[in-house]
Amino acid sequence: MNSNVQIATDHDGKSIWKFLISEMKPKGKFFTPFNIISIPIMLLGLGLIVIRFWKGLGSITNLSQDIPWGLWIGFDVVTGVAFAGGAYVLTFMVYILNMRKYHSIVRVTVLNGFLAYVFYAGALLLDLGRPWNVINPIIGNSFGTSSVLFLVAWHFLLYMIAELIEFSPAVAEWLGARRAQKILSGMTIAAVIFGITLSTLHQSGLGALYLMVKDKIHPLWYSEFIPIMFFVSSIFAGLSMVIFEGSISHKVFFKQISEKNHKAQKGIILGLSKICAGAMFAYFFLQLLVFIHGQNWTLINSPMGYWWLLEMVGFVLLPMILFFVSYRTNNLTMIKVAAVVTMLGVILNRLNVTVIGFKWDMAIRYVPSWMELVVTLAVIFTEIWIFRWVINRMPVLRDSPSWVNTNK
Amino acid sequence: MGLNRRNFFKLLGVTGMTLAVGKDAKAASDSGNNDVEFYGIMHDAARCKGCRGCEYDCADAHGLPEPLPSKDIPAVRTTNETSNTVVNTYQTSKGEVFIKRQCMHCNEPACAAACLTQAMHKTKMGPVTWDGNKCMGCRYCMVSCPFDSPKFEYHSANPKIQKCDMCYERLRTGEPPACAFNCPNEALLYGKRRDLIAEAHKRIVENPGLYVDHVYGEREAGGTGWLYLSPVPFEELGMKTTLLKSSYPALTKGFLYSVPSIFVLVPAFLLGLHQSTKNNHLKEETEDE
Numbered sequence: 002m003n004s005n006v007q008i009a010t011d012h013d014g015k016s017i018w019k020f021l022i023s024e025m026k027p028k029g030k031f032f033t034p035f036n037i038i039s040i041p042i043m044l045l046g047l048g049l050i051v052i053r054f055w056k057g058l059g060s061i062t063n064l065s066q067d068i069p070w071g072l073w074i075g076f077d078v079v080t081g082v083a084f085a086g087g088a089y090v091l092t093f094m095v096y097i098l099n100m101r102k103y104h105s106i107v108r109v110t111v112l113n114g115f116l117a118y119v120f121y122a123g124a125l126l127l128d129l130g131r132p133w134n135v136i137n138p139i140i141g142n143s144f145g146t147s148s149v150l151f152l153v154a155w156h157f158l159l160y161m162i163a164e165l166i167e168f169s170p171a172v173a174e175w176l177g178a179r180r181a182q183k184i185l186s187g188m189t190i191a192a193v194i195f196g197i198t199l200s201t202l203h204q205s206g207l208g209a210l211y212l213m214v215k216d217k218i219h220p221l222w223y224s225e226f227i228p229i230m231f232f233v234s235s236i237f238a239g240l241s242m243v244i245f246e247g248s249i250s251h252k253v254f255f256k257q258i259s260e261k262n263h264k265a266q267k268g269i270i271l272g273l274s275k276i277c278a279g280a281m282f283a284y285f286f287l288q289l290l291v292f293i294h295g296q297n298w299t300l301i302n303s304p305m306g307y308w309w310l311l312e313m314v315g316f317v318l319l320p321m322i323l324f325f326v327s328y329r330t331n332n333l334t335m336i337k338v339a340a341v342v343t344m345l346g347v348i349l350n351r352l353n354v355t356v357i358g359f360k361w362d363m364a365i366r367y368v369p370s371w372m373e374l375v376v377t378l379a380v381i382f383t384e385i386w387i388f389r390w391v392i393n394r395m396p397v398l399r400d401s402p403s404w405v406n407t408n409k
Numbered sequence: 625m626g627l628n629r630r631n632f633f634k635l636l637g638v639t640g641m642t643l644a645v646g647k648d649a650k651a652a653s654d655s656g657n658n659d660v661e662f663y664g665i666m667h668d669a670a671r672c673k674g675c676r677g678c679e680y681d682c683a684d685a686h687g688l689p690e691p692l693p694s695k696d697i698p699a700v701r702t703t704n705e706t707s708n709t710v711v712n713t714y715q716t717s718k719g720e721v722f723i724k725r726q727c728m729h730c731n732e733p734a735c736a737a738a739c740l741t742q743a744m745h746k747t748k749m750g751p752v753t754w755d756g757n758k759c760m761g762c763r764y765c766m767v768s769c770p771f772d773s774p775k776f777e778y779h780s781a782n783p784k785i786q787k788c789d790m791c792y793e794r795l796r797t798g799e800p801p802a803c804a805f806n807c808p809n810e811a812l813l814y815g816k817r818r819d820l821i822a823e824a825h826k827r828i829v830e831n832p833g834l835y836v837d838h839v840y841g842e843r844e845a846g847g848t849g850w851l852y853l854s855p856v857p858f859e860e861l862g863m864k865t866t867l868l869k870s871s872y873p874a875l876t877k878g879f880l881y882s883v884p885s886i887f888v889l890v891p892a893f894l895l896g897l898h899q900s901t902k903n904n905h906l907k908e909e910t911e912d913e
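Line by line, the protein sequences give chains A and B. All residue numbers for the first sequence refer to the working numbering, where the first residue is 2 and numbers rise by one. All residue numbers for the second sequence refer to the working numbering, where the first residue is 625 and numbers rise by one.
Okay, chain A solo, but in the shape it has when bound (with noise of 0.2 Å):
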């Protein structure tokens, strides 16, 4: 049994206190490369959001009144909640076909697409002009019922719900909470369901904001499908991320995880290839379709044209082959290369629609200040950290103490 839940169960919540305060303190070494890295930029970013709240949006943004949204909304809100997609993904295999091969890699997704979600929505806070209004679309003074973001917002937040009961288990599991535990376990199975209902919902929604903006993306990437095409892309964006993610915990946190499971990650990441290579075939189908149906031919013989290809050969069906390939040969080295690749190329897709075919034939560019990249990988080492000190205490990728298993 893990140390720190005998610590709280024998003290049988007296004590939780100081054990929570002893859980706060940093554990094992602190001078390490990525801390090194990580702090002098999540200071950095501090400060420039404090300046960003004191002189307003225009003082540390590129945004203009022709680019009214940037890097903020089009990398860490767009991109960030595709990337988050491998749980609904994940829990859809998992509780609802029962695939239990894929049990032990759960937890450690769930946490990430909650956290994903935790901080992109509060990056769309530091986005927002008039922050302090943003409970109006919750409380009910002002529904705003025809919008799409309105819908957005609403599944956000019902969804961050969603995913905090799948994962409150470890939660209870790290307290030493037998009986919120078994209740709280409970709860997993309808959780998932209206998890993947709204992700259904939210990850097409994304990709429905942009409907009405018809004039001001590059016909290339704006069709009446983009809600689809958004939905499909996200099962292979979140599954690459869990590939991606998986391959770093297992060297970073490799004491934590049993010998069994070590064993069973092989077998995972090619079960998850597969899956990657058939999304993204029904992907490259589905846009493959909209550009004869949309007639495009016309638009390929262009700078923007051929960033289309680039994106479309490059970053989707290269991928797809790698995949699909080392899926076929058992190559895991290949399989985190296409997981990068993927990777890039949703990144490179969302950014399109977004930011660079918005407005594509304006003379001016809008490029992201170097201040909004620091406030956006603020957000990413922040979320790292949190991620890291979870996984140090609670049984996400370590097993559950044994006290569970009799817990039923």
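What the hints contain is simulated information worked out from the structure, not anything from laboratory work. Among the clues, some could well be false.
Stated by the list, open to error - Heads up, simulated BS3-like pairs for lysine-lysine below, C-alpha to C-alpha not over 25 Å straight-line:
{"#": "1", "chain 1": "B", "residue 1": "K748", "chain 2": "A", "residue 2": "K217"}
{"#": "2", "chain 1": "B", "residue 1": "K816", "chain 2": "A", "residue 2": "K56"}
{"#": "3", "chain 1": "A", "residue 1": "K337", "chain 2": "A", "residue 2": "K261"}
{"#": "4", "chain 1": "B", "residue 1": "K758", "chain 2": "A", "residue 2": "K56"}
{"#": "5", "chain 1": "A", "residue 1": "K102", "chain 2": "B", "residue 2": "K902"}
{"#": "6", "chain 1": "A", "residue 1": "K217", "chain 2": "B", "residue 2": "K877"}
{"#": "7", "chain 1": "B", "residue 1": "K902", "chain 2": "A", "residue 2": "K275"}
{"#": "8", "chain 1": "B", "residue 1": "K902", "chain 2": "A", "residue 2": "K261"}
{"#": "9", "chain 1": "A", "residue 1": "K360", "chain 2": "B", "residue 2": "K864"}
{"#": "10", "chain 1": "B", "residue 1": "K869", "chain 2": "B", "residue 2": "K826"}
{"#": "11", "chain 1": "A", "residue 1": "K215", "chain 2": "B", "residue 2": "K718"}
{"#": "12", "chain 1": "B", "residue 1": "K864", "chain 2": "B", "residue 2": "K673"}
{"#": "13", "chain 1": "B", "residue 1": "K902", "chain 2": "A", "residue 2": "K215"}
{"#": "14", "chain 1": "A", "residue 1": "K30", "chain 2": "A", "residue 2": "K252"}
{"#": "15", "chain 1": "B", "residue 1": "K816", "chain 2": "A", "residue 2": "K183"}
{"#": "16", "chain 1": "A", "residue 1": "K275", "chain 2": "A", "residue 2": "K183"}
{"#": "17", "chain 1": "A", "residue 1": "K102", "chain 2": "A", "residue 2": "K360"}
{"#": "18", "chain 1": "B", "residue 1": "K869", "chain 2": "A", "residue 2": "K360"}
{"#": "19", "chain 1": "A", "residue 1": "K360", "chain 2": "B", "residue 2": "K877"}
{"#": "20", "chain 1": "A", "residue 1": "K217", "chain 2": "B", "residue 2": "K784"}
{"#": "21", "chain 1": "A", "residue 1": "K337", "chain 2": "A", "residue 2": "K267"}
{"#": "22", "chain 1": "A", "residue 1": "K275", "chain 2": "A", "residue 2": "K261"}
{"#": "23", "chain 1": "B", "residue 1": "K673", "chain 2": "A", "residue 2": "K217"}
{"#": "24", "chain 1": "A", "residue 1": "K215", "chain 2": "B", "residue 2": "K869"}
{"#": "25", "chain 1": "B", "residue 1": "K826", "chain 2": "B", "residue 2": "K718"}
{"#": "26", "chain 1": "A", "residue 1": "K337", "chain 2": "A", "residue 2": "K256"}
{"#": "27", "chain 1": "B", "residue 1": "K869", "chain 2": "B", "residue 2": "K816"}
{"#": "28", "chain 1": "B", "residue 1": "K748", "chain 2": "A", "residue 2": "K360"}
{"#": "29", "chain 1": "B", "residue 1": "K673", "chain 2": "B", "residue 2": "K748"}
{"#": "30", "chain 1": "A", "residue 1": "K30", "chain 2": "A", "residue 2": "K217"}
{"#": "31", "chain 1": "A", "residue 1": "K215", "chain 2": "A", "residue 2": "K360"}
Assemble the complex: chain A is given as a structure, and chain B must be docked to it using the hints.
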């Protein structure tokens, strides 16, 4: 039993969603209804002398900084957070033509459909107004607007969205908008949108050769509150002529209408899948042993 209760709650949720979205569907069709009489303004570019008096009246009426004199400004500008309207000068095939630009006050505004707090709102009289107590500053209205009308104060800690509000406060007290009231050349005409369209077509018919046969705003973006007459094709005046002739919010209707059905079908489908695969792992485990 547990399943029944769960289904009951699901049904309850679905009913709620359908009610919420259903209500919206009704509201959306209201705005296209002919019973509603929108007011609007017609700008006749053949009459406009480019005095820019309307710019000064507008700034005065909205407490915005006074516009710069004509010698200090370029011929073509866009509105911004400190000016709700601009009068642009174009050298055209028929000589110098002046055209006034501002928010078009669409019949079915993309900005109002985009707004998740209803801060952007199409009033019954016709003006599209902005409510600072509701707005969260997400700027989705700016992304959605086909005319790029809403402008945002990027250099303020308490930023506002600025755009023409057709002097809604004046309208409510029965006064016409400041620009139309003061125009010395009668280039701006305020009235019921229906009457303005009739007047526009009358002017086109009665003055052969003076106008191009196109009332800009009659059908653009599904119809707008501002209507334009011009002696030259509107492309020459920097007006967008490739816009949809139908309303922009209609583009998202299909997606929004699919939401209730997804909320019914997907959970039921998932629950069914879950039930049918429930015992799969037992099989696998016995195979393992």
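The hints, checked one at a time:
no.: 1; hint: B:K748 <-> A:K217; in the structure: 29 Å, violated
no.: 2; hint: B:K816 <-> A:K56; in the structure: 43 Å, violated
no.: 3; hint: A:K337 <-> A:K261; in the structure: 21 Å, holds
no.: 4; hint: B:K758 <-> A:K56; in the structure: 21 Å, holds
no.: 5; hint: A:K102 <-> B:K902; in the structure: 14 Å, holds
no.: 6; hint: A:K217 <-> B:K877; in the structure: 19 Å, holds
no.: 7; hint: B:K902 <-> A:K275; in the structure: 23 Å, holds
no.: 8; hint: B:K902 <-> A:K261; in the structure: 24 Å, holds
no.: 9; hint: A:K360 <-> B:K864; in the structure: 14 Å, holds
no.: 10; hint: B:K869 <-> B:K826; in the structure: 22 Å, holds
no.: 11; hint: A:K215 <-> B:K718; in the structure: 33 Å, violated
no.: 12; hint: B:K864 <-> B:K673; in the structure: 22 Å, holds
no.: 13; hint: B:K902 <-> A:K215; in the structure: 45 Å, violated
no.: 14; hint: A:K30 <-> A:K252; in the structure: 16 Å, holds
no.: 15; hint: B:K816 <-> A:K183; in the structure: 66 Å, violated
no.: 16; hint: A:K275 <-> A:K183; in the structure: 35 Å, violated
no.: 17; hint: A:K102 <-> A:K360; in the structure: 46 Å, violated
no.: 18; hint: B:K869 <-> A:K360; in the structure: 20 Å, holds
no.: 19; hint: A:K360 <-> B:K877; in the structure: 24 Å, holds
no.: 20; hint: A:K217 <-> B:K784; in the structure: 24 Å, holds
no.: 21; hint: A:K337 <-> A:K267; in the structure: 12 Å, holds
no.: 22; hint: A:K275 <-> A:K261; in the structure: 22 Å, holds
no.: 23; hint: B:K673 <-> A:K217; in the structure: 32 Å, violated
no.: 24; hint: A:K215 <-> B:K869; in the structure: 13 Å, holds
no.: 25; hint: B:K826 <-> B:K718; in the structure: 22 Å, holds
no.: 26; hint: A:K337 <-> A:K256; in the structure: 22 Å, holds
no.: 27; hint: B:K869 <-> B:K816; in the structure: 21 Å, holds
no.: 28; hint: B:K748 <-> A:K360; in the structure: 32 Å, violated
no.: 29; hint: B:K673 <-> B:K748; in the structure: 32 Å, violated
no.: 30; hint: A:K30 <-> A:K217; in the structure: 50 Å, violated
no.: 31; hint: A:K215 <-> A:K360; in the structure: 10 Å, holds
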